[in-house]
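Chains A and B, in that order, are what the protein sequence lines are.
For the first sequence, our numbering begins at 602 and goes up steadily by one.
For the second sequence, our numbering begins at 602 and goes up steadily by one.
Please note that the accuracy of each hint is not assured.
Pairs of lysine-lysine residues, derived as DSSO-like cross-links and limited to a Cα-Cα distance of at most 27 Å, are as follows [unchecked claim]:
1) K662(B) / K1068(B)
2) K810(A) / K812(B)
3) K922(B) / K812(B)
4) K1076(B) / K662(A)
5) K810(A) / K810(B)
6) K812(A) / K810(B)
Computed far set for chain B versus chain A, every beta-carbon distance over 10 Å [claimed, not checked]:
7) S603
8) P606
9) A623
10) M634
11) M635
12) Q646
13) T649
14) R690
15) S780
16) P799
17) W931
18) R949
19) F1014
The hints are simulated quantities; they were obtained by calculation from the structure and are not laboratory data.
For clarity, every value in this text was computed on a predicted model and none was experimentally measured.
Heads up, the beta-carbon is just placed ideally off N, CA and C, and yes, glycines get one too.
Each chain, letter by letter, is given below.
Number of protein chains: 2
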Amino acid sequence: MSATPYKQLEQEWQRLHAFRGALALLRWDAAVMMPRGSADVRGEQLATLETEIHALLTTPKVSRLLDRAQASEGTLTDWECANLRQMRRQRDHAIATPASLVSSLARATSMAEVRWAEARQSNQFRIFAPHLEEVLHLVRDKAALLGQALGLSPYDALADEFTPGLRVVEIDTLFGAVSRRLPSLIREGIARQADSLPIPVAGRFSASKQKLLIAEIMKAMGFPFDRGRLDESEHPFTEGVAGDIRITTRIDSADPFTGLLAAMHEMGHALYDLGVPKEWATQPVARERGMAMEESQSLLVEMIVCRSRGFVTYLRPLLEKHFGVTGPEWEVDNLYRLLTRVRRSAVRVDADELTYPLHIMLRYDLEKQLLSGQLAIRDLPEAWNAGMEARLELRPGTDTEGCLQDIHWAHGFFGYFPSYSIGGAIAAQLFESLRGEVPDIDEQIARGEFAGLAGWLREHVHGLGAKLPLQALLKQATGKPLAAAPLLRYLEARYLEGAR
Amino acid sequence: MSATPYKQLEQEWQRLHAFRGALALLRWDAAVMMPRGSADVRGEQLATLETEIHALLTTPKVSRLLDRAQASEGTLTDWECANLRQMRRQRDHAIATPASLVSSLARATSMAEVRWAEARQSNQFRIFAPHLEEVLHLVRDKAALLGQALGLSPYDALADEFTPGLRVVEIDTLFGAVSRRLPSLIREGIARQADSLPIPVAGRFSASKQKLLIAEIMKAMGFPFDRGRLDESEHPFTEGVAGDIRITTRIDSADPFTGLLAAMHEMGHALYDLGVPKEWATQPVARERGMAMEESQSLLVEMIVCRSRGFVTYLRPLLEKHFGVTGPEWEVDNLYRLLTRVRRSAVRVDADELTYPLHIMLRYDLEKQLLSGQLAIRDLPEAWNAGMEARLELRPGTDTEGCLQDIHWAHGFFGYFPSYSIGGAIAAQLFESLRGEVPDIDEQIARGEFAGLAGWLREHVHGLGAKLPLQALLKQATGKPLAAAPLLRYLEARYLEGAR
């Protein structure tokens, strides 16, 4: 007897999974290892693989199998049904975007990423501008086509690709609630902290020692170094597939915290990848539940956990062990004040939790304007700087610290940024429930025990993969739909009451 | 007007080229970067891509286009005809080996390579044995199928895949001529050197300094570091495609020459990759003219050039610059004696030119016996050791220095080894002609000028890609067919007369 249509689909997706794994490695290498001059060659390789994936998704055979599997849905398990839904979704998205567009985008973004890095290094936006122009042009085509096929506005269509179901109207509601409270919260928080400013730390912290410290913490959190790596790259990221997960961070030898916290951010992503159901590893239902949920995990680990009093208690002796540092500036209270210091700054990845959403809202506004054509690429640096001034009362000193700071647009990732702050709200909501169910979570973390944290997340989030829609997953995990209130409660507790 | 059948084929092979480039990167990463535990994941990725390449080569569409292009061959240029021949050859080989076998081999060799490395590290052949067994089993199937399709014996069929046109009868003739002279030549050479043994060098030579020295020499030879890398791996290799070429070497911090000469060996391969005609870069005609020619280039650079008096004259001040070394052991005469020292040793990659062919002949005999079933895997270690004793009058101390020393069989590369010594003969024959046409080649090299060397090779070998059959290429470059005489003349001149 031959395999059922559904089982045949699983085999097709197993191939797709291998292609995606190869693509992930090609991208990791491009950011970490590849010689700069080889971007053109890599671009061709990425484009060819992307095109192949696209071709596999859009074959008549796959559509036929999807229809036949759908017809006998009654015989499938919950997980199989959810897997089938993910397959259909991928096929629908693929059919809506022609192969020529997919390969042009792969080629254009591959070049744009290299030029972005060069532009950043030499602080010359004009090196990047023509490449961003080309990427934007292609993304605009994609948004129009996807939007038409899915019955969505262009921006919604792009956002939906990253976080299924996320719409501008939801984003605006949540961002509205947050931005009504945030400016006063930032002012109050800064004023409160002014009474007891932290002593700054100083010294040289070699990259090799920092990586040893980070690796020790990653191990404590359960990162399997026999199936993963930690490296350095211009822009930290997590890449790979379950079974070979690669984290990068950016090390600053004058500061032991930048690299650590960037790695912890990525560790949040890695825990997600590690926690998806193993028996579904090659199938789409085992992937993360959209980018907002993905970012919630990195923010939960980096911001909520790794800047807590508990974590700092665990970290203090490790800093002494790896860097030999002692003194009042290395005591728990001071370290906590350092890691929760609120300061308006130009760079998103260095921003604290309170000001972070303002960075996101700026990008969200600008990318909508770029997409609609309201804002021209050449005017981006100035629009960026003006937006920073309006929101954060400062102007970046250079474009490198301004509109060149993020790789996302070079990558073609328009519609991604909101997922960060939606993710921040999800993180706070999840952690509020986690704390309710694991009351000694802070003490566990202070002892360097992360099984309680990882276990709760695995049970309520990671282990479910993409089985449930985002809102249903959140409701099941926390009992409530997505809202801004838990985030605001959390921020007020930490920054106005100094709790945790 | 739509593209001609031939032009459509070029497009198909452009895709294949991108897939091959992705495969090359996946393999490079597996040897240099990948965490050990991820071999299973990588194995799936490699198998999927290999299968895809196989599927592309065997589509009815490609066969139809090949027939139609063949029919209008009269309208094609020389290069296009040669390209078409290479395409047909690839298609014929692919059709002869079923997809299931290709993917099983990819999976099996991917695991076998990891186990080989583990077995080598712990000197436990039994860790590797079952994986080698499986690889051998699959290679045997492949040899039978290929042989049947091409009308060749199983071994000839495998050898033909690496070096098109190479047959056991040719190998036996050349090996016969060489092995008649070699034993006495080795004895005489060793006796002659006994009169003035080199002073050994001692010290610690850090990996980072060694890599700087190697990189400086690679640059002088024309290696483009903006489009290539130098790294370390267990077994040195060259991987990648024109536009992103990656060399690895194995550094020994007690000896500054092992890593350098291994890198120079790979540099010979890299010069070939760099010299193929750029306008054909994505097409099969731009690939190297078989593995014997490929190995001739690495041996020419490592053995003939980089152990010459001229090269040592160039090297001496570089050693002083990078390692701060001076003294009689670092003088040109002594270095030359060190680098041309003849010693019977257990390890092929450390062997001198005189004893090297004996290492190859051992492997050639053993792999023929393994393939035919005359020799069982479990008896391999003993057969290896006995063969070493018979040929080189020594027994390896461990299997790591015995039958575990080479990755080739783990890789599934049976039928490859003869190409090394055929390559050695080709190298000597080419260099004899080169010296005739560039009489001051030694002085150029002594000045660190490699343009004369690279230019001659590019004109007579590299730039022709796979345009001509091996024998025709050699005839055109040297005026003579392949023979053992130039090799023996060269070895006698260096080891009995002490010239160059």
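Tested hints:
This hinted pair checks out: K662(B) and K1068(B) have alpha carbons roughly 25 Å apart, not beyond 27 Å. Annotation: proposed proximity of K810(A) to K812(B) holds, straight-line Cα distance about 22 Å (limit 27 Å). Of the supplied pair hints, the one linking K922(B) and K812(B) holds, its CA atoms being roughly 13 Å apart against a limit of 27 Å. Taking the CA atoms of K1076(B) and K662(A), the gap is near 52 Å; set against the 27 Å cutoff, the hint is violated.
Between K810(A) and K810(B) the alpha-carbon distance is near 21 Å, which keeps this suggested pair within the 27 Å criterion. Proximity of K812(A) to K810(B) is assessed by CA-CA distance (about 22 Å); at most 27 Å being required, the pair is judged to hold. Listed as a non-interface residue, S603(B) keeps its Cβ farther than 10 Å from every Cβ of chain A; the least gap is roughly 16 Å. Taking the minimum C-beta to C-beta distance to chain A, about 21 Å, the non-interface status of P606(B) holds against the 10 Å cut.
With a least CB separation of 5 Å from chain A, A623(B) falls inside the 10 Å interface cut-off, contrary to its annotation. Distance to chain A contradicts M634(B) as a non-interface residue, since its nearest Cβ pair spans about 7 Å, not more than 10 Å. For M635(B), the condition that its CB be more than 10 Å from all CB atoms of chain A is violated, with the nearest at approximately 7 Å. For Q646(B), the non-interface assignment is contradicted: its Cβ lies about 5 Å from the closest Cβ of chain A, within the 10 Å cut-off.
T649(B), annotated as away from the interface, has a beta carbon of chain A within 10 Å; the closest lies near 4 Å. No beta-carbon of chain A is positioned within 10 Å of the beta-carbon of R690(B); the least distance is around 22 Å. The beta carbon of S780(B) is kept farther than 10 Å from every beta carbon of chain A, the shortest such distance being approximately 43 Å. With 10 Å as the threshold on Cβ separation, the claim that P799(B) sits away from chain A holds: the shortest Cβ distance comes to roughly 37 Å.
No Cβ of chain A comes within 10 Å of the Cβ of W931(B); the nearest lies about 32 Å off, and the non-interface call holds. At roughly 29 Å from the closest C-beta of chain A, the C-beta of R949(B) stays outside 10 Å, upholding its exclusion from the interface. Separation of F1014(B) from chain A is adequate, the least Cβ-Cβ distance of about 22 Å exceeding the 10 Å criterion.
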